[in-house]
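Chemist: For reference, the chains in residue letters:
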Amino acid sequence: EAGVAQSPRYKIIEKRQSVAFWCNPISGHATLYWYQQILGQGPKLLIQFQNNGVVDDSQLPKDRFSAERLKGVDSTLKIQPAKLEDSAVYLCASSLGAGGRGDTQYFGPGTRLTVL
Amino acid sequence: GQQVMQIPQYQHVQEGEDFTTYCNSSTTLSNIQWYKQRPGGHPVFLIQLVKSGEVKKQKRLTFQFGEAKKNSSLHITATQTTDVGTYFCAGPGGYSTLTFGKGTMLLVSP
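Top line first, the protein sequences correspond to chains D and R.
The opening position of the first sequence corresponds to residue 1035 in the working numbering, with each subsequent residue numbered one higher.
The opening position of the second sequence corresponds to residue 36 in the working numbering, with each subsequent residue numbered one higher.
FYI, nobody ran anything at the bench for these hints, they're computed from the structure.
As the structure is a prediction and not an experimental result, all values here were calculated from the model.
Take the hints with a grain of salt, since some may be wrong.
Stated by the list, open to error - Partial selection, computed: residues in chain R whose CB lies under 7 Å from chain D: (1) Pro43; (2) Thr62; (3) Ser65; (4) Phe80; (5) Phe123; (6) Thr132; (7) Lys137.
Stated by the list, open to error - No more than 27 Å apart at the CA atoms, straight line, and that leaves these computed lysine-lysine pairs for DSS-like: (8) R/Lys137 - D/Lys1096; (9) D/Lys1078 - R/Lys137; (10) R/Lys137 - R/Lys94.
Think of the CB as a built atom: it goes at the ideal place given N, C-alpha and C, for glycine as much as any other residue.
Can you make the complete structure from the sequences, with help from the hints?
Modeler: Here's what the structure looks like:
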């Protein structure tokens, strides 16, 4: 079974530029998550989709971050404009069910973003 | 949402020594999950605990959920260099989300 795919794996941009990340979840997984992991910290949930609807985006900085999951499969996360503090690894995960108890999350390899 | 605190932040052991990391919450958790992240890698699900006082074992790893469901621990017996990585606990966040702790980084010297 193929895992969660993410691209690009690495990205270096200058502050105020825009960047987009792509995620392809495991086939058949209903729920997709985007996390931000700053060095030395645990993953922080940015947004959670169930199919193509948003379940939770309470920690997404909506003035600069946006995400979509068209057709309930692939997803993109965009940052516009980027700030220095956005330097982090952006992890995508997916799960079979609706999330929560009993629903295992499978993580992709992540995209390491460096903002100069 | 819930917050989970992990201690220690970092531990360095000699191969063969035991290792324990603790996860604590100020509120009762309906469940707790544990993940391992190798250096440069991504989090990988290890286990979920649901019942009060639950103990589960995976080879040299023993996971416990406290009686009050406010704390959990992961114990590794006789560490090996392959155990190197950061171990995260994660508790329920909002509706169906997870809140991760900051993790415990384990370094094992041969």
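Chemist: Look at each hint and say if it fits the structure.
Modeler: So, going through the hints one by one against the coordinates:
Taking 7 Å as the C-beta cut-off, the interface hint given for R/Pro43 is violated, the closest approach to chain D being about 13 Å. Look at R/Thr62: its Cβ only gets to about 15 Å from chain D, farther than 7 Å, so that hint breaks. The closest approach between the C-beta of R/Ser65 and any C-beta of chain D is roughly 6 Å, which is under the 7 Å cut-off, so the hint is satisfied. Hint on R/Phe80 holds. Least Cβ distance to chain D is approximately 5 Å, under the 7 Å limit.
Given the 7 Å rule on beta carbons, the hint for R/Phe123 holds: about 5 Å separates it from the nearest Cβ of chain D. Taking 7 Å as the C-beta cut-off, the interface hint given for R/Thr132 holds, the closest approach to chain D being about 5 Å. The beta carbon of R/Lys137 is positioned within 7 Å of a beta carbon in chain D (closest approach about 5 Å), and the interface hint is therefore held. A distance of roughly 24 Å separates the Cα atoms of R/Lys137 and D/Lys1096; the hinted pair therefore holds under the 27 Å criterion.
For a cut-off of 27 Å, the pair hint linking D/Lys1078 to R/Lys137 stands: about 10 Å separates their Cα positions. A threshold of 27 Å between alpha carbons decides the hint, and for R/Lys137 with R/Lys94 the separation of about 25 Å falls inside it, so the pair holds.
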